[in-house]
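K.L.:
Here is what each chain is made of, one letter per residue.
Number of protein chains: 2
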Amino acid sequence: MESKSILIKNATILNPGEDIKKSSVLIDNDIISCISDDLIHKDADKVIDAEGKLLIPGFVNTHTHLSMNILRGSGDDLPLDTWLNECIWPLEANLTEDICYVGSLLACIEMIKTGTTCLNDMYFNMGSVAKAVEDSGMRGLLAYCIIAFDDETLKKEIKNTNEFTSKYNNTADGRVTTAISPHAPYTTTPDVLKWVRKASNKENMPIHIHVSETKKEVEDIVELYGMRPFEYLEKLGFLGSDVIAAHAVHLSENEIDIIKKYNVKLSHNPASNMKLASGVSPVDKMLKKGITVSLGTDGAASNNNLNMIEEMKIATLLQKVHNYDATALPAEKVFEMATINGAKTLGMDDKIGSVNVGKKADLCLLDINTNYFTPNVNPLSHLVYSSVGGEVSTTICNGEILMENKKLLCVDEMEVFAMAENATEKILSKK
Amino acid sequence: MESKSILIKNATILNPGEDIKKSSVLIDNDIISCISDDLIHKDADKVIDAEGKLLIPGFVNTHTHLSMNILRGSGDDLPLDTWLNECIWPLEANLTEDICYVGSLLACIEMIKTGTTCLNDMYFNMGSVAKAVEDSGMRGLLAYCIIAFDDETLKKEIKNTNEFTSKYNNTADGRVTTAISPHAPYTTTPDVLKWVRKASNKENMPIHIHVSETKKEVEDIVELYGMRPFEYLEKLGFLGSDVIAAHAVHLSENEIDIIKKYNVKLSHNPASNMKLASGVSPVDKMLKKGITVSLGTDGAASNNNLNMIEEMKIATLLQKVHNYDATALPAEKVFEMATINGAKTLGMDDKIGSVNVGKKADLCLLDINTNYFTPNVNPLSHLVYSSVGGEVSTTICNGEILMENKKLLCVDEMEVFAMAENATEKILSKK
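Protein chains in written order, with the working numbering: chain U, 380 to 810; chain L, 380 to 810.
Hints in this document: simulated from the structure, not taken from any laboratory.
All clues stand as given, with none of them false.
For chains that are exact copies, the list does not tell them apart, and a pair is met inside one copy or across any two.
Derived DSSO-like pairs: lysine-lysine, alpha-carbon spacing no greater than 27 Å straight-line:
no.: 1; residue 1: K805; residue 2: K510
no.: 2; residue 1: K664; residue 2: K594
no.: 3; residue 1: K401; residue 2: K805
no.: 4; residue 1: K400; residue 2: K805
no.: 5; residue 1: K809; residue 2: K400
no.: 6; residue 1: K401; residue 2: K809
no.: 7; residue 1: K614; residue 2: K534
no.: 8; residue 1: K573; residue 2: K538
Please read these numbers as outputs of a predicted model, since none were measured by experiment.
Could you build the full structure based on these sequences and the hints that come with them?
P.N.:
So this is what it looks like as structure tokens:
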């Protein structure tokens, strides 16, 4: 591979947990090699003038289902049961590998356009998802989603999991890695979860699982096992710092202590939890206890977009009103959730989540000479509370420019939109 | 005035309460004169090709304070008291007529870019607000905001109100009209409110007032008058179908009955109510009782934008999660809130709020060949749940094109941004 470098000149750098500073950033191949005021043009093969731009780490979306972008708008304003049984599951039965590829590309386009560079996905037809992530230029932790209630199904699901991980882990120049994913405590058995823990230890792969999204599933687990979901998972020996638990809405005090004790990582999905009327996760409280809570959009069928900038605003507004506390989840904390906490959640904080020398060049530039960023007194506030994502102008992942001045370089979006309309016709005609 | 006509050809028309249809729309001067499939190019002076565009009525933002766009980002994550006492009021003391003009222009730019054509504002320095609304090409119901606890102040405030209404009502080709605005029950006296009711009757002008935004103000009114705010307003003879009550968060069953009985119009401001941790208004319930609830953004200091498309999503998500009911406030209802209910709230539903022959041409075109609107199965869903407002390409108010293909025709936005930065320096240097 030919060596190449990019100089981002005179950017206003907003890093999680730090004051804003103005500086220039040099990228060598896939790595941030220098941050300094003294960098000059001849240091780089390509120069990006970032005057009037805000430079942030690319967002890390820690729970989503990319393929579901193809199902966007097919079921809204329905109770969770009806939504799953009468809408999503019948439609999902029509999702082929080709259709999942298109849905995933559509999702990647949406994420790149709103500054997300890394995502965490669990679904089926995951080979197609991996291909879409590779083709889009993004970074992804991907997992085949296991649902099994008996030994025979578990065997089949182990095979599916192993096929996926062995084929795709550490591919696409290291941008695609794999996790192991039991769907949820209520859609698996203790045997499934024990196998997952063992396989995770052996392969050194994180575990991605839905936990306690709805009141009903918590009640079901309590009825089945006589304890709440995180208590059940603890008892199985399942928990650890490599577990990424999505949703975690309904939690007892004891469960919060368990999450903290095992350093379980959480993915908070506020828009989806609100749209499906699942409930409100005690995020502000858990962050104050030192638990790593990150941010995810969930799939586009229950959000209905994958825009992390919108998700930040929704997350903080929800905590404030739910806790009757305007100081809850302030802007700097939700920005951390969407960046460095995302990196920690995926076990990638040595590589991504902030603009620092030695880290991968996963970056995003926003145009702040815009209405949402005016007056320019507080870019962090404007990013969280005012912006809706349209100011993202340039997105870089692994040192590659995926979008420059709002032009996608990696994918032809009009072509993908046309493919998506075709795919949707196929899905709906079969329904 | 020279006669002129615009033909919007082959639009996908989304009207509140109606199925989507494809048709063409002819505008003669300021009025929608014909909607038909048979309209041809020679019918009009100007033709807009709306193939691949969604045509909707311009949004009606029923509670905002335009000038506050200049204060955006100056105070976040603060309790309401601290926010008002230590941040907003000291800054507001520095707001001159010139600064309010710039802030209001900034607000108008943001609204035009996100498809809002009509707004309802109450504040001070209202001459500047009226000038900004006139210059921007938007439609606005504007009011000087009365705060008074004694007769002498009331006299001064009556003078200010009369000066404003006599100078600005029915100006700017009828785009600017005026209301009478007591700030709130807790910032006025019975005498103030009685004068407002009399003046409103005499001048035939609507009344714009904050009511029951926070728990504390409800408690204060109960302590002062021995009854809750809407009970107090009823007893004063203040209520009527021309009253626009903003916020209306904390309501008893009896107050909801009173609101219904007098056909009081409400402006729901979910983002602001969440950000200031004020609470959740029982909007879904009130709509089901037949109360006219519309949508407002409040000012940019407590939102922090004036984007009605984002406000629709936040409104519906909040009702769903708060009521634990995913069917609460469905997409079609929140779209009605943001359009036709807005028009009803301002007493303008004979003129605006839907795409119908005989109404004013206050319209918005969105580009639906975009990621947020793909796949194109359900434009209403995508508008509410997926879009973030960046797809608005053309905004028309009173038959004038204010933005075409994302280019503002009425205002030079870069010039306004520069003016806003200057104004902000002045405000902060005085603080």
